[in-house]
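J.: Got two chains here, each in a separate frame; can you build the complex from them with the hints?
If you read the sequences in order, they're chains P and D. Read in numbering that gives the first Met the number 0, the first sequence has 255 at position 256, and its numbers run on one by one without any break. Read in numbering that gives the first Met the number 0, the second sequence has 58 at position 59, and its numbers run on one by one without any break.
Bear in mind the hints are in silico, worked out from the structure with no lab data behind them. For every residue, glycine included, the Cβ atom is placed at its ideal position computed from N, Cα and C. Some clues are possibly wrong.
List time: in silico DSS-like cross-link candidates among lysine-lysine, alpha-carbon distance up to 27 Å [unchecked claim]:
(1) K376/D with K422/D
(2) K156/P with K122/D
(3) K202/D with K230/D
(4) K112/D with K156/P
(5) K130/P with K208/P
(6) K376/D with K362/D
From chain D, some residues computed to sit far from chain P (all C-beta separations above 12 Å) [what the hints assert, rightly or not]:
(7) G31
(8) D78
(9) E101
(10) A335
(11) A379
(12) A396
Not the full set, but computed from the structure, chain D residues with beta-carbon under 8 Å of chain P [as the list claims (entries may be wrong)]:
(13) Y57
(14) M92
(15) S96
(16) L104
(17) L105
(18) G106
(19) Q111
(20) L116
(21) L327
(22) S328
(23) I332
Listed here are the chains, written in short residue letters.
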Amino acid sequence: MNIFAFITNVLSIGIPFSVSLLLASTGEMFNQRAGIFNLGCEGIMSMGAFLAFMAPHTLQGTALEPWANMLGILAAMLMGGLMGMLFALATVTFRAPQGIAGIGLHMLGWGVAGTLFRFFVGGVTGIPGLKPVFLGMNALAYLAFLLVPASWYILFKTPWGLKVRAVGTYPRAADTMGVNVARTRYQALIAGGVLAGLAGAYLSLGQAKMFADDIVAGRGFIAVALVYFGRWNPFLILGGSLLFSIAQSLQLAIQVQGIAFPYEFAVMLPYVLVILVLAFAGGSTVRGPAELGKPYNREKRV
Amino acid sequence: MKQEQIRELRTIGITKRFPGILACDSIDIDVGEHEILAIVGENGAGKTTLMNMLMGLYQPDEGKILINGRETRFRTPVDAYAAGIGMVHQHFMLVPSMTVAENVLLGMRTYQKFLRLDMAGVKRRIEEISSRYGLPVQPDAYIWQLSVGEQQRVELVKTLCLGARFLILDEPTSALTPQETDELIALLKRMSSDMSIIFISHKLAEVTALSDRVAILRQGRVVYRGSTSEKSIAQLAALMTGHEVNLPRNEGLDSCEEPVLAIDELRVRSDRGFWALDGFSLTTCKGEIVGLAGVAGNGQRELADALSGLRHVDAGSIRFLGREIANLSPRQIIEAGLGYVPEDRTTEGIVPAFSVQDNLVLKDVRAARFSRGPFLKLDAIKRNAEDLRERYDIRCASLAVPAGSLSGGNIQKVILAREIARKPAALVAVYPTRGLDLGAVEFIHARLLELKSQGTSVLLISEELDELLDLSDRIAVIYKGRILDILPAHQATRQKLGLLMAGIREVA
Numbered sequence: 000m001n002i003f004a005f006i007t008n009v010l011s012i013g014i015p016f017s018v019s020l021l022l023a024s025t026g027e028m029f030n031q032r033a034g035i036f037n038l039g040c041e042g043i044m045s046m047g048a049f050l051a052f053m054a055p056h057t058l059q060g061t062a063l064e065p066w067a068n069m070l071g072i073l074a075a076m077l078m079g080g081l082m083g084m085l086f087a088l089a090t091v092t093f094r095a096p097q098g099i100a101g102i103g104l105h106m107l108g109w110g111v112a113g114t115l116f117r118f119f120v121g122g123v124t125g126i127p128g129l130k131p132v133f134l135g136m137n138a139l140a141y142l143a144f145l146l147v148p149a150s151w152y153i154l155f156k157t158p159w160g161l162k163v164r165a166v167g168t169y170p171r172a173a174d175t176m177g178v179n180v181a182r183t184r185y186q187a188l189i190a191g192g193v194l195a196g197l198a199g200a201y202l203s204l205g206q207a208k209m210f211a212d213d214i215v216a217g218r219g220f221i222a223v224a225l226v227y228f229g230r231w232n233p234f235l236i237l238g239g240s241l242l243f244s245i246a247q248s249l250q251l252a253i254q255v256q257g258i259a260f261p262y263e264f265a266v267m268l269p270y271v272l273v274i275l276v277l278a279f280a281g282g283s284t285v286r287g288p289a290e291l292g293k294p295y296n297r298e299k300r301v
Numbered sequence: 000m001k002q003e004q005i006r007e008l009r010t011i012g013i014t015k016r017f018p019g020i021l022a023c024d025s026i027d028i029d030v031g032e033h034e035i036l037a038i039v040g041e042n043g044a045g046k047t048t049l050m051n052m053l054m055g056l057y058q059p060d061e062g063k064i065l066i067n068g069r070e071t072r073f074r075t076p077v078d079a080y081a082a083g084i085g086m087v088h089q090h091f092m093l094v095p096s097m098t099v100a101e102n103v104l105l106g107m108r109t110y111q112k113f114l115r116l117d118m119a120g121v122k123r124r125i126e127e128i129s130s131r132y133g134l135p136v137q138p139d140a141y142i143w144q145l146s147v148g149e150q151q152r153v154e155l156v157k158t159l160c161l162g163a164r165f166l167i168l169d170e171p172t173s174a175l176t177p178q179e180t181d182e183l184i185a186l187l188k189r190m191s192s193d194m195s196i197i198f199i200s201h202k203l204a205e206v207t208a209l210s211d212r213v214a215i216l217r218q219g220r221v222v223y224r225g226s227t228s229e230k231s232i233a234q235l236a237a238l239m240t241g242h243e244v245n246l247p248r249n250e251g252l253d254s255c256e257e258p259v260l261a262i263d264e265l266r267v268r269s270d271r272g273f274w275a276l277d278g279f280s281l282t283t284c285k286g287e288i289v290g291l292a293g294v295a296g297n298g299q300r301e302l303a304d305a306l307s308g309l310r311h312v313d314a315g316s317i318r319f320l321g322r323e324i325a326n327l328s329p330r331q332i333i334e335a336g337l338g339y340v341p342e343d344r345t346t347e348g349i350v351p352a353f354s355v356q357d358n359l360v361l362k363d364v365r366a367a368r369f370s371r372g373p374f375l376k377l378d379a380i381k382r383n384a385e386d387l388r389e390r391y392d393i394r395c396a397s398l399a400v401p402a403g404s405l406s407g408g409n410i411q412k413v414i415l416a417r418e419i420a421r422k423p424a425a426l427v428a429v430y431p432t433r434g435l436d437l438g439a440v441e442f443i444h445a446r447l448l449e450l451k452s453q454g455t456s457v458l459l460i461s462e463e464l465d466e467l468l469d470l471s472d473r474i475a476v477i478y479k480g481r482i483l484d485i486l487p488a489h490q491a492t493r494q495k496l497g498l499l500m501a502g503i504r505e506v507a
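So that you can see chain D by itself, here it is in the shape it has in the complex (with noise of 0.2 Å):
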C-alpha cells in the first residue's frame, strides 16, 4: 500500500445538522505531523459527529476537510482508511460472534481470495503489528469472549492493520480500569512518533497527561483552541461546561450506628448460568454512602437486579431494615422502601414514551395521592410533577412530552426525583452519572450527599473512581462475585482501587 504520510489535517467550517439540533457548527480543527490534539466537549457538542465526518459514515452539510493542504471528501470509510486515517470508535465495533483474525479480515480487501479466506496472511499482519507496537492479541479468540481492554487492543490492531497513520480514538478510556487507561496513554505516547493522533475525552486528567494541543467544543462550536500545557484542569473544565464546576465532596465521616441494608453471603447466577455473585457480603448503615468499585461484569448488574427483585437469589439473605427482602418481587421491595437507579436509565429507569409527569409518578400510581379506585388524580399527578420539576431543576418543553425525548442527564434527574421523593431508607444507585455531562453529575453528587445528610443510606455502584473518592463513606471492591476489601474512604487512592480492581489484594 503506497499512501502519502498525513503532514496536516484541517477542517474548515464544518456544518451538519441533524433533524432539530445544530450538530456542528462551522468546526475548525487542525492536527500536525506526530501532534496529539485533544477534543474536549460535553455530550452532545459534537465530537462524535465531527469524527464521523472525518470518517467519511456522516457527510457534512457545509465546509470542507483538507489534508496536505488538498481539500478531500470521503463518502465512505473505505475512503479515509484509503488516505491513512483509521478510527476506534467509543462503542467498539468488532462483531462478537466473529473471531479477532475474522473482524482484521473484514476490511482487508488484499487477503479475501476469491472462495477463500487467507486466515495465514491474516494473522501474520496481525502478529506484524501487534510485535511492532507491544499489543498482544490472541488472533483466534472470539470477540466475545474478551474482556473490554483486550477488545480495545484488537481495535487498535484492527485499525493499524487496515493501514491507518493518522489515528482518531473516541473516548478509549470510559470503559478501562485505571491501570489499562494508564497503559494506554503511554502506549499512544509512544505511537505518536510514529502518526498523528486525535483523542476525545471529556476525563481532563488524561487529556493534560497525553495531549499537545486541545479543542474545547461546547454546543456544536469551538470555543477554544491552544496549547494543552496553557490551561489548568479547572479552567479547560470552566470552558468545557460554560461555568465554574465546583463537584461536592463528602466531608462528614460518620461510624455505623445502624445497619441498614445487610447482604451476606449471596450467590446469584449470571444470565449464561455461572456464579454471578458468590458469596457476597457487605452492609451499610443509616447515613452513609458505601461505594462499590469494580471493572464492569464482576457481578455488579446481578447484584442491583438481586437487590430489585428482578433476579433471582440462588443463596444467601438480603435483610433490609431487618426484613428478608431477598426473592420479593420487585412490587414488595418497592414497597418495603428501597429506592433503585438502575444502571440502563431508558429502559430500566423509565417508561420512554410515556409523559414525564407520569413517569414521575411510576412507583406510587396505586398509592391514594395518585389514584382512587381504577380512575388516576390527573390533577395531583400534575402537581407532584410540577414540584419535583421545580426541585430538580428538570428541563423539559413540557410535564407532558414523552420521558425518553429529553437528554440523559435530565432522565437521571426524572429517575432521581422521583425515587427521591418517596423518601427511601435506602437507594441503590447504578452508575448514576454514567454518560452524563459536568453539569448534570455536579447535581446528582449533590443529591446523592444530601440522601446522605438525611439518614438514607446509599449504595453507589460506579466505576469512576473520583465519583467514588468523592461521594463514599467505605469503598467496597468487587472482583469475581466477591468484595476483596473494603476501604475507608480517607485512606482509599486510585492506585490502592486500581488494584483491588484487577484482582490485586495488597500484601500488606
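Extracted from the complex, chain P is given alone in its bound form (with noise of 0.2 Å):
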C-alpha cells in the first residue's frame, strides 16, 4: 500500500467532511460567545439540510432550476435564523433553562424535517448537488474556510464583537454601558442559526447530495463539543473540526483498506478522541464567555 496515497485519501475525504461542522460550530461559537449555548443546533442543521435538498427536488425540470441549489440554501440560512429567533424567545426574553429548550428544539428541528420528508418525498432520492469549483471541493466550503478568519476579525475589531464578548461574560456590565443585552443575544443567535442552517444545506447539497432522517448524525452536538474544545476561539475550532473529521476519514480508510483493526473501534475512534481532548482541554475559562448559560434579568438583585 502506498502510504502517500493513503494520506492523500483521509485528506480528501476527511477536509470536505470537516466543512458542515466548520460552519455550524463558527456558528455556535457567537452563541456561546454572547453567553447561550444552543444544543438545538442538530435540530436546525436537519431543517437545513431538509430544505436545502427540497428546493432543487421540486423545482427540477422547471424554469427555476438553475436557481434551485442556491435557492435551496437560502431556505436553509432562512430557516436557522428563524429557528435562532425562536431559540432566542424561549432562553432570552422568557429565561428558559438552556439546556432543555435547546432538547426541545433538537427534537422539532430533527422531527418536523423527517416528518415533512416522508410527506412530500416518501424514499430516497438523489439530487443534482453542488458542483465542485477548485480541487474537486464546492463554493459552501471555501466559503466555511473564509469564515474563519472572518469570524475572528467580527469577534475582536468590531463593535458587534465586542458588544457579543461583553454580553457573554458580564452582561450586568455590558448593560451598563448602554448594551442591549437582549438585542445582541438575539443577533447572535440568529447569526449563528442561519450558520447551523447552512451547515445543514452543505450535508445534503454538497456531501450527502440526498435526504435522510438522520443525515445529520449528531454534527450539531459534535460543533457544540467543538466550541468548547476550542475555547470559543474560531481558529482553534477551525483545528477542532479537522481534526474530528480526518479521525473519522482515517477510520474509514482504515476499513476500505481492509487493516486488520476491529472497524467498531476505528468508529469510535473520533468520539473517543473528542471525549479526551475536551477531559484534557478544562481547566481556565478567563477568556471565554463567563456566564454562558445564564440568563440576565436586569431587575434581579445581585
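T.: The following block contains the structure:
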C-alpha cells in the first residue's frame, strides 16, 4: 500500500467532511460568546438539510432549476435564522433553561424535517448537488474556510463582536454601558442559526447529495463540543473540526484498506478523541464567556 | 457632546418594591452643584437600589427624579449617561477578559465605526482624561491582570470618558487598602470642583472626611438629612443602626502559654498554579486572637483552604495541638476540632437549600447525639436548633425555612453558632463580618472575644483594619504568600498596617 496515496485519500475525504462541522461550530461559537449555548444546533441542521434538499427536488424541470441549489441554500439559512430567533425567544425573553430548550429545539427540527420529508418525498432520492469548483470542493466549502478569519475579525475587531463578548462575559456591565443585552443575544443566536442552517444545507447538497432523517448524525452535538474544545476561538475551532473529520475519514480508510483493526473501534475513534481532548482541555475560562448558560435579568438583585 | 450642566439633582418620593420587600420608601434627596452628598446606611437600607434607579437600571414604582427642576425619566443607563450622570458600581462593571480600552469603547458609540473599532481614538480619550484628573491607567492591560485599586481607577476613567459630570460612587472603598482609600478621598475632593458627587458608604470615617452633606437611610427610608459636620461619627452610627453601637474591644493581653495552631513554612499553589503561599509561618496560642491583615489575593484564600483541608499542601506543616493536619481530609480536620468560618458564607458555610436546623448540625450528623445508624434523631436536631437560635439570636421565621433565605448577618450567626457549639480548640474565621451591618458585626465580635476568654485560639483573617485592631492580640500581615511582619496589637496602627499591607516594611 502506498502511504502517500493513503494520506491523500484520508485528507481528500476528511477536509470536505469538516465543512458542515466548521460552519455549525462557528455559528455555535457566536451563540456561546453571547452567553447562550444552543443544544438545538442539530435540529436546525436537520431543517437546513431538508429545505436545501427540497428546493432542487421540487424545482426539477422548472424554469427555476438553474437557481434551485441557491434557493435551497437561502431557504436553509432563512429557516436557521428563524429557529435561532425562536430559541432566543425561549431563552432570552422568557429565560427558559437553555439545556432543556435546546433539546426541545433539536427534537422539533429533527422531527419536523423527517415528517415533512416522508410527506412530500417518501423514499430515498438523489439530487443533482453542487458542482465542484476547485480542487474537487464546492463553493460552500471555501466559504466555510473563509469564515474562520472573518469571524475572528468580527469577534475581536468590530463593535458588534465587542458587544457579543461583553454580554457573554458580564452582561450587567454591558447593560450599564448602554449595550442592549437582549438584542445582542438575539442577533448572535440568529447569526448562529443561519450558520447552522447553512451547515445542514452543505450536508444534503454538498456532501450526501440526498436527504435522510438522520443525515446530521450527531454533528450538531459534536459542533457544540468543538466550541468548548476550541476555547471559543475560530482558529482553534477550525483545528478541532479538521481533527475530528480527519479522524473520521481515517477510520473509513482503515476499513476500506482492510487493515486488521476491529472496525467497531475505528468507528469510535473520532468520538473518543473528542471526549479525550475535552477532558484534558478543561480548566481556565478566563478568556471564555463566563456567563455561559445564565439568563440575564436586569432587575434581579445581585 | 453638548450637555447641560447639572446644577441640582433631586428625587421626590421615590419608591421601589421588590417581591416581599419595600426597598425604597418615598425617598427625597437632593444634591447641588459641586457638592458631595454621602448616602449612608446598613445593608438592605436601599442605597444601591436608589442609585440603580438614578442610573436607569431599575424603574421606580412611584416618585420622580428632577434635574435642574425638570422631571426626567431614565429608561436605560444610556439615558442617564446622556444626561451626564455616571456611576462607579460596587461590583466593578468591567469585563475581565477585555482590555481597558475595549471596556471604555463598549460604551462609546462615537468610536464604534462600521466594521471597525477606533482604538487609537479611544486611547487618546483615555490619556486625556487620565492626565486631566491624575488617574494613571494602561489602556492595553487586560482587566483580569489589574489589582482592585487599579480596576477602580479604570472604572473612574471609564465613567469620565463617557462624559459623566455627576458621579455616583457605590461603596468605592470596600476593597481598597487604607492608602488607596486616602488617595481616593483626596482625588474625589479635587474632582468636586468640577462636578457633583454622591458617595455611598457605611464607613463613617470616610463619610465625615469627604462629604458636605449626608443622608442616612434605614430600611428604605431617609432618617436624617443634613450637613455632615453637625454630627459626630457616633451620632451618625446611632442614626444608621437605630441604636447605640458599642463595638467590643479585646482588653486582655495574654502571653503565649501553649501553641495551638503552628503553621511552618507552608507552600500552597493557587488555582492558576503559582505559589500563593510561599513559606508561610505563623503560630497561634491558647486563648489568643491572631489577626491576619493583608490585601485580598495575597494568599488568604489559599491559607484558609489549606487549613480546612480543601487544598493540597505542597510543602511545610500545619500542627494542630501537636498533631500534623496538613493534607488530611476536611472530615478528619473537623473531627480533630478545628472550627472554620469560611469566606464565602452562602456556598461554603451553609447549604442554602437546607433548613436552618439541618445547617446547624451539618458537621455532626454522624455523632450519636443526632443520629442512630442511618436514621436522624429529628427531635434532638430540633432541640439543638431551638437552643442555638435562642443563644445566638438567629432571626428566622421558623427553623424549617431554607438557610439561604436568611439575611447575611443571620447566615453568619448560623455558621458561628454551629462552629462554636462544637467547642473548637481553634477557630479560623475568614472575613467573618464582610458585608454585614454594624449590629451583626457587634454581635460577632462579642462572640469571638467570648471564645478567646474560653481559651480558644482564633485566627482572624480580615481586611478591616478596625476589626483587627479591636479584636486581635497580635496582628500578622500577609504579603505575597508570606508573613511580612507581626505586631502586638497595642503597637499596631492603621498607618503601620497599611504600609505593611502594601508590601513596605518600615526601616527601623
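J.: For a quick check of understanding: which of the numbered hints are violated here, in increasing order?
T.: Hint check: 8, 9, 21, 22, 23 fail, others pass.
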